[in-house]
Amino acid sequence: MEKVLTRNIGADKPPTDIAAYEENGGYAGLRKALAEYSPEDCLKLVQDSNLRGRGGAGFPTGMKWSFVPMGDKATPGHKYLIANADEMEPGTFKDRLLLEYDPHQLIEGMILASYTIQADIAYIFLRCEYHVAAERLEQAIADCYAKGYLGDNILGSGYNLELLLHSSAGRYICGEETALISSLEGKRANPRAKPPFPQVSGLWGRPTIVNNVETLCNIPHIIERGVEWYQSLGVGEDAGTKLFGVSGQVNNPGCWELPMGTPIREILEHHAGGMREGYKLKGFLPGGGSTDFLTQDHLDLAMDYNVIGKAGSRMGTGTMIILDDKTCAVAMVKNLIDFFAQESCGFCTPCRDGLPWSSQVLGDILAGRGRQEDMHTLSRQVNFIGAMGNTHCALAPGAMEPLSSAMKYFPEDFRRHIDGESCPMCDGGQSDA
Amino acid sequence: MPKIIIDDIEYEVEAGNNLLEACLGLKLDLPYFCWHPAMGSIGACRQCAVVQYLNDEDTRGRIVMGCMTPVSEGARFSLGGEKASEFRATVIEALMLNHPHDCPVCAEGGECHLQDMTVMSGHRDRTYRGKKNTHRNQYLGPLIHHEMNRCISCYRCTRFYRDYAGGDDLAAMAAHDHVYFGRHEAGVLESEFSGNLVEVCPTGVFTDETLVKDYTRKWDLQSAPSVCTGCAVGCNTMPGERYGRLKRIHNRFNVEVNGYFLCDRGRFGGAFVNSEKRLKFSGLRDTDGRFNAINRDVALETSVAWLAQSRVAGIGSPRASVEANYLLRKLVGEDNFSNGMNDDEAMLVAEISQLMLSGRSPPPSLKKMETADAVLILGEDVTNTAPRLALSLRQAVTHNMAAELGETLGLQDWQDAAIRNLAQNQRKPLYAIAVKDTRLDDIAISTSAMAPDDIARLGFAVAHFIDDSLPPVDKLSDRYSNLAQQIAKDLQQAAAPLVVSGTGSQHVGICQAAALITRALQQTNTGVMLSFCVPECNSLGQALLTGGEGQDLAELTVRAIAGEIDTLIVLENDLFRRAGSGQITQLLASVSKLIVLDCVDTETTSMASLVIPVSSFAETESTYVSSEGRAQRSYPVFEPADDVLADWQWLLALSRKLGKAELALIEHFDDIVDACASEVGALSGIKDAAPGADYRLRGMKIPRQTHRYSGRTAMHAGVQIHEPKQTQDIETPLAYSMEGLNGNEVGALLPYVWAPGWNSNQSLHKFQHGVGGALKGGTAGSRLIIGDGNTLTAESIPGPFHASVGEFLLVPLQRIFGSDELSMLAPAIAELADSPAVFLHPDDAIVMGVHQGDGVVIMVDGKEYHFELGIDDSLAQGCAGFVCGFQDTNNLRPGDSVCLAKAQNWQHKKPQVISTDGGSRHV
Amino acid sequence: MVELISSLSNEELAAIDAELAHVPYKSAAAIDALKIVQSFRGWVSDESLKAIAHYLEMSAAELEGIATFYNLIYRQPVGDKVILFCGSVSCWIKGCDGLRSQITELLGVREGETTADNKYTLLPVTCLGACDKAPVMMVGEDLHEDLDRQKIQKIFASSAGGES
Ligand SMILES: Cc1cc2nc3c(=O)[nH]c(=O)nc-3n(C[C@H](O)[C@H](O)[C@H](O)COP(=O)(O)O)c2cc1C
Ligand code: SF4
Ligand code: FES
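Chains as they are written, first to last, in the working numbering: chain P, 6 to 438; chain E, 348 to 1270; chain S, -15 to 148.
Rather than coming from a laboratory, the hints here were simulated on the basis of the structure. Cβ coordinates follow ideal geometry from the N, Cα and C atoms, glycine included. Some clues are possibly wrong.
Claimed, not checked - Label pairs and their calculated CB-CB ranges:
no. : chain 1 : residue 1 : chain 2 : residue 2 : range
1   : P       : E233      : E       : A362      : 44 to 54 Å
2   : S       : N(-6)     : E       : P451      : 54 to 64 Å
3   : P       : A316      : E       : D403      : 38 to 48 Å
4   : P       : G82       : S       : E125      : 31 to 41 Å
5   : P       : G82       : E       : S828      : 23 to 33 Å
6   : S       : K138      : P       : G82       : 49 to 59 Å
7   : P       : P416      : E       : R471      : 21 to 31 Å
8   : S       : E125      : P       : K152      : 24 to 34 Å
Construct the entire structure; sequences and hints are all you get.
The following block contains the structure:
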């Protein structure tokens, strides 16, 4: 398969600097767009490519961009493009790779995206702990200014763009796009109600697009090589390639660029090298900590947004977390719920108070204090917290996905604890690495 | 009006409303917390959930928040269905996880919105087995009690305090279920509107500290519709009483005036009613100068004797009611009556009332002023002279801007977070021009501190730039000329420009300039507004009563010295606050008998020959005319104790004994209202302020007591086991009883709010049209000033102010806590009043060689007065600002030029005590 | 108030000023300013907080609300190096609980505490985005991957026993 997003990345390759990036065809897409394409042309290309957002929700990128007021419809003032590099979803480690090893790809994607929506200021919102990425991005940005890819009159096109790196101060909720905007404004990162969507009222009340790092990294290639080529990359319904990852008790945990629609079994068995010796697959979260468990029965599904969706889960970030037979599903869910409870911004009730409540029930169950009615309480909480619209943002509904699916697929693990039987997984203690 | 379907019933609702508003407006019970009728929606608590169906086929529907969902034609919802109900019950259950079970000892108990919503949502059985989170509380000053454990994180407190009222020392801290609402460190809340937290907080996190210390449950309070006497804005209040003590003051909704909010002077200042300075018995001074208590009859007879046989003069008061002033004026005769203001103030208020009467439109209500899209404040420190108005001005420039921008994106103005995020720091223009900085500077696009003459000049210049046929201002600096042009431009571009001025700077030219600007604007714009702040709750009523005629204090003094006055009768007025003590002492010494009626002991009562105790606002009927020209009726909340009688009752009794023929037919309060209305044209509208005593709702009087009022017959059993007969109130439509109806009576008569299932103040919507609309019984008060004139001649423009070396221009500074006489008798307010009395600009202080905290001497009429000096770098140079209302500062006369010197041997009077909560701390 | 500003160093002020160039109003640089001061001082004390608030023309309460929201702004003193120990799901599956106990024993501190020699503060952190190398932690700015007992022993060799 052709490597696209990771063509400059490999175990044997050093981080890509501007020379290496250019040498390998970098900024060709930008040159082409500025010379040949109007913003509308670029938008059309992205729309036609069927690129869907890689931040977790899979929203069509071109459509998202099309809501930005353009031309006469735009009121005078700034427009913003933001790269969401806050990667903090449990089990997700794909953007780090792109940020650390090929920062220019992101920057080129950002310039193109900004050009398309005619943004004049762009931000990279980087999670605080990514120090290496910060250094490399800073260098890359400086190099771009020096080379005229950023700043005024980019490559003589008359288009201006300022690009700023903002390093965050923690908190998972900052990854939620409207919370991210609050945070960039220097405020508490409480999400905002939609409508209005950021496309019309975002950063400082101005039109703003927030895209995931990986999403933006696709743009230079789409612009440079066209829609047909891009669509041909996927092997399933969706277009392009995707970074897929696997973590947990597998032989070769890691992250690989594969065609959209690659079957799960192939990712798991071929790329991740199958389960480690002594471990069996019990289930997996297909796309990070806020997706529903799938099981053995789903291994032959293609990693496509709709396919995984139909199976009752979400493709999310495309990074799978494997639940093995030596790990108790209840304990794993408790770990996840604790994470989400801790990371709740504290704005809306179901999340702020509901998640600690779920955690308390799970904790009681794990500690052998569970009661029969606790399963009912947990289902109630799933109903209460688990639907979009019940809460102010998607954090809490996401948190319920592993819980509700664990109750569905691994009732035994719950029952054992509640009935006071010993849990071979919990009592045996966790395996050391 | 769109039609929507709720639980299969079709309703017509207001377009643009959200569903929660619509439901409450239809008087359907939909629980909520974070939404507030004046502050809109943010969707935080998720309590107002309903199910919305996509179309007719949709049977499952999805949960949406009522407060975040605009109503639209044909939309179908389920409020009572299982899915919605179950969700709401779970929200409450989640909110109650950490809520302590301390209702019995909670000051919110019995009027707790959280209690109500818990019951309404049907949550009863607790399944949570975890521990409750706990927090540390903070000391927040003498007004507000903090109990964080009770918090349900609805964010209302910070939304009110910061977003609505502009306070910045209260914030949400931390995250997830550790969210904390408080200050960055313990300390007195700085906002002048902090008291509203008590009503805004849906549970007992922020409660009234003064009530906590002297507690009564809401249902045991006796309440009546009242009007705040703290300033001239005339906010409507509901004081609550028990055991003869005023326990607390709550907001009484008036859509045109205070809406949902009061200022802290109003809310906490009324506690002066319980002050030890209250007078309870008449006192006759003996030859040794001591007062001996005498009974009512003796007091009356003595007064009658003195009044009948001598040349009499009377001094009324702008803090007394229209009725009492009217009676006194009748009693002594127009030519012998002074309205009780000092000469400068009387002239100013008379001028203002003339400017208002001759205006083109009625003076705007607060609500109207909230629609202003450009504001010029000329020479007024509104937060300190008309605090509640400052809150309205804040809404005008912030909310209007946000709402207008939101409209371009199709957002409704209740989408509070969305429109604020959209607007960010953009605001409508507000210019704050005063002698020093003001508490609205944070939202002003331009502020300027200048001497009063210069403020007037700037105003005249603005008028000239609007209409160049008006005279230009000569010798105007470039800076001020540019500023004037910028102001003129912004006012001209506005659809509803507002000019606010008043007596704050005690400068008539400023008021005239303000009026001239509006007149100039009115040539092309009918939406122009002009509002004047006046000092006291009935200042304007006094001006209208006397029409600017009558004696002023100086004239009275001259007459007294000339021996033309034997007996002087003073109504609720501490004359020492009106003019220099020299003049007042001379006046009082020149009359042989001085009768003083007052509710509290003052410097003036201590000079009296006879003191007569009158009711406070909380124990009497009165009409006050607000700065809007709105006549408003205030009712007794409880009966006065001991020998205290209402002022009008004393005066009526006197006139009867004196055989005043003109007043012979007057028996009741309503009769005074009628007589005054028919006699004084400008006051004819006071009759419409509220219905007369014969008003009945379905044949019954309006109860002052809630239907759960407990222990009425046992209340005094510790003193007297005989059950006292319930007093019949023949003067008002209200009863000292729990019997009767508190429903949709005339708005002016609403004594408290309560509705089945709604024990808190949130029950108000049951009394309103829609939600947030006018009371169903109508808006309280009648507007006396129509403003249909349009004449105005250009007045003389003062020359520029030049500071002369060693001399300072005295300029008055007002303090919300400190400048008002009666509220300072409320301990919590007194605690907040600061001590320095005279302020200089730092550069002036350097020249004078004085420092913060030094003593300074000012000579007035050959007498030395000592003051503590404060430094204020915002003050206009060459000016000495003095805080009005403090004892010695009453001797300083605004506009005078004085010499100022450092006082020798000055000692700080007292350390500033900032805390009384379990031991004082000094700063 | 003058003292408040001067309590920020020139370097700090210069760095904050550089951020101010990019924001429409000063308080918008609040998070950056907190991070800048923290980078110089290790944490944000009450005094620093007030000084920053003053410089940014915002209230201390508002800034405190922001500072306490973000978990990587430290409002209490921390050791020379902060250990951010990942406890999220992939690391947990790979046995991070046992390793955490090991650190706790080695350094004599629990999560949230600072060693007596002030070298380390142990803090929990959410998924560090290196799940393929789980278990992981950061010590200072360095990421340590594929942790096991030996690696931990080595990293903290000099601090074993909680004293040095
Ligand atoms: C709680 C929460 C955390 C999120 N964190 C991230 C994140 O770290 N990175 C990211 O790209 N998107 C994250 N998202 C999704 C973003 O809100 C947003 O949808 C995404 O950045 C849009 O980019 P895309 O359209 O390119 O996918 C998060 C969403 C939620 C609800
Ligand atoms: S679901 Fe609510 S509390 Fe949770 S992060 Fe989103 S807005 Fe905050
Ligand atoms: S009132 Fe609607 S969410 Fe709080």
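Cross-check of the supplied hints:
1. Range check, P:E233 to E:A362: Cβ separation about 49 Å, and the 44 to 54 Å hint holds.
2. The hinted window of 54 to 64 Å between S:N(-6) and E:P451 holds, with their beta carbons roughly 58 Å apart.
3. Range check, P:A316 to E:D403: Cβ separation about 31 Å, and the 38 to 48 Å hint is violated.
4. A C-beta distance of roughly 37 Å is found between P:G82 and S:E125, which places it inside the suggested range of 31 to 41 Å.
5. The hinted window of 23 to 33 Å between P:G82 and E:S828 holds, with their beta carbons roughly 31 Å apart.
6. The given range of 49 to 59 Å is respected by S:K138 and P:G82, whose C-beta atoms sit roughly 55 Å from each other.
7. The given range of 21 to 31 Å is respected by P:P416 and E:R471, whose C-beta atoms sit roughly 29 Å from each other.
8. Taking 24 to 34 Å as the suggested C-beta distance range, the pair S:E125 and P:K152 conforms, at roughly 28 Å.
In the structure shown, a violation is registered for the earlier hint numbered 3 alone.
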